[in-house]
Amino acid sequence: MRRESACGNACGNACGNACGNMQGNMQGKVGRKQMSEHEVLSLDELFELASFEVLGLLDPVDLVRFERGFAASAPSVQAEIIGLQERMARDPIFRDTTQDAILGSGSVSGVGEPSASLRLRTLARVIEAIETESASAKPIATIGPVSRAVAVQVSEGQSTRGSSAITAESMRDLISDLSARNRESRAPTQLVWRAASFILLAALIVSMFFNIRLTKVSETLADATMGQALETDAIRLAAEYSGFDFASSRHVDLVPVGGARVGHVSVFLDEKNGRVAVHGIGFNPNEIVEIVLLDEAGKILASSQFTVAASSFGGLWEAGSAAIAAGRIQIRGSASVGSADVVLYTQA
Amino acid sequence: MDSQEHIDWQLMQRVAASDEEAIEQLYARFGALVYQSARQVLRSRAETEDAVQEVFVRLWRTADRFDPHRAKLVTWVMLITRRHLIDRLRRQSARPDRAELDGSRSDGGGAIARPVSEGVAEGGEGRDRLRRQLSRLPELQRTVIERAYLQGFSLREIAAQLDAPLGTVKSALSRGLTRLRELEGGEERRGS
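Residue numbers (our numbering), protein chains in the order written: chain A, 1 to 348; chain B, 1 to 192.
Among these hints, one or two may not hold up.
Every beta carbon over 10 Å from chain A, so not counted as near; a handful from chain B, in silico [unchecked claim]:
id, residue
1, His6
2, Gln10
3, Leu11
4, Arg43
5, Glu47
6, Arg91
7, Ser93
8, Arg132
9, Ser135
10, Leu137
11, Pro138
12, Leu140
13, Asp163
14, Ala164
Chain A regions said to be covered by chain B (calculated; three or more residues, Cβ under 8 Å) [as the list claims (entries may be wrong)]:
id, segment
15, 42 to 55
16, 85 to 91
17, 124 to 133
In case anyone wonders, no lab produced these hints; they're calculated from the structure. In this text, a Cβ means the ideal position worked out from N, Cα and C, and glycines have one as well.
Based on the provided sequences and hints, a complete structural model is requested.
Shown next, in the form of structure tokens:
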């Protein structure tokens with residue numbers, strides 16, 4: 001009554017399951033139950049599941065139930081289960097021990113024994129599996145120079161898993177080689193070059209940033225200066241133009257001569273009062289320009305000079321009614337500041 | 001851990017590390033057991049030898065999972081063997097027989113209904129003995145053992161096939177195996 005010793009006593013049918021395990025001498029039913037995490041598993045059922053497990057007959061659900069029951073059972077019960085499973089594993093009922101295996105191989109290794117050649121073929125199959133696995137575990141490529149030990153391994157197709165493939169000596173070689181590579185990679189000159197590269201890269205980025213900022217500031221300043229200059233000019237001209245009769249004046253637009261200039265000159269002629277209002281833009285700063293009134297023969301009837309402030313000039317000019325009525329207008333200037341011998345703009 | 005358990009554990013650690021010598025030792029200890037277990041359920045010697053090779057590959061792959069506190073090494077080997085055999089039997093049952101393809105089988109039952117006397121015990125004294133002993137069992141016990149042990153069906157599958165409660169199937173299997181063992185003991189006694 002082996003199981004009674006584990007369960008304490010034999011009792012009535014408490015678990016409701018036939019207790020027909022491989023220890024065929026078991027007749028009674030064991031009523032004591034033990035707790036697993038989620039359910040009560042009777043010892044009968046635990047032993048039954050143990051016997052099924054050895055035969056590979058447990059599905060995943062029962063396997064989990066058995067594992068939990070085993071883990072929750074007392075050490076003495078566990079020992080008994082382990083013993084039961086061991087006896088079942090060795091039980092001849094689960095083996096064909098009468099056999100014909102040696103036929104054809106010439107081996108006389110004994111009844112029920114596999115042939116000697118099967119041993120060699122099995123070992124070869126396992127080694128092949130080992131080599132296949134270690135080959136699939138190799139890296140596709142390596143970055144940087146391949147170390148000597150690694151190169152030897154790869155070239156010889158050595159396994160990285162087996163102790164027979166990697167000896168202690170080759171492992172030491174590998175470790176020392178890796179250490180040497182680490183030392184090389186940390187050499188001072190290499191570190192200096194790396195640091196210099198980083199510094200140069202950082203400096204380049206900073207200079208690009210400041211360059212962009214400087215360009216933006218310059219553009220802002222230029223815009224502000226130009227705006228201020230134009231504003232000053234406009235204020236001055238507004239003062240000068242006060243009292244000029246634009247409503248009754250004749251407006252004349254001058255066009256550039258020769259296409260050298262891109263500016264524009266507007267002239268208002270007040271014949272009645274003999275006054276001329278002129279405004280030009282698109283000139284060079286400090287350039288001296290001359291406005292002249294010519295008769296049909298090209299003789300100068302009247303003229304006046306203006307100095308360009310920023311990029312424009314303008315003002316009132318007392319030319320006289322006769323000259324205004326008879327003449328046509330030209331703006332003269334020169335390539336060099338201070339002279340006025342080239343016709344820049346003329347009446348269309 | 002007693003000394004034998006420690007030795008077994010060390011052996012499996014070396015197997016897990018692909019130590020060829022350890023694999024040879026493992027084969028020397030359990031090669032016959034694996035072979036005989038496979039021979040009992042597989043149809044031909046060639047198939048059996050192929051299964052043995054695959055079982056040892058499987059043992060190498062799972063060697064690092066062996067826990068001597070959970071089972072003896074022989075139990076572990078048997079468990080791996082049985083799982084492999086069941087996988088193999090299931091693959092076979094999912095594949096039609098050549099005989100079926102040739103149309104020579106007309107029972108309509110296919111692999112599920114194939115009795116052990118046709119499907120497995122095709123020759124050899126050991127298989128004849130098993131067939132003889134199975135034939136002396138009650139029908140339910142015989143059917144359950146054939147389908148579970150020799151054809152690789154799970155107990156739940158058998159319960160569904162037979163439209164019987166799972167507990168009944170488990171009980172029949174337990175009783176059948178017990179009875180089988182008693183018959184085996186009786187034959188041994190007569191033989192001696």
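Hints versus structure:
1. His6: Check passes; 15 Å lies beyond 10 Å.
2. Gln10: 12 Å, holds
3. Leu11: 13 Å, holds
4. Arg43: 12 Å, holds
5. Glu47: 12 Å, holds
6. Arg91: 15 Å, holds
7. Ser93: 15 Å, holds
8. Arg132: With a cut-off of 10 Å, Arg132 (chain B) remains clear of chain A, as the shortest Cβ separation is near 12 Å.
9. Ser135: Non-interface label on Ser135 (chain B) holds, nearest chain A Cβ at 15 Å vs cutoff 10 Å.
10. Leu137: 12 Å, holds
11. Pro138: 12 Å, holds
12. Leu140: 12 Å, holds
13. Asp163: Asp163 (chain B) clear of chain A: closest Cβ-Cβ about 18 Å, beyond 10 Å.
14. Ala164: 14 Å, holds
15. 42 to 55: holds (count 6)
16. 85 to 91: This one holds; 6 residues, not fewer than the three required, reach chain B with a Cβ under 8 Å.
17. 124 to 133: holds (count 5)
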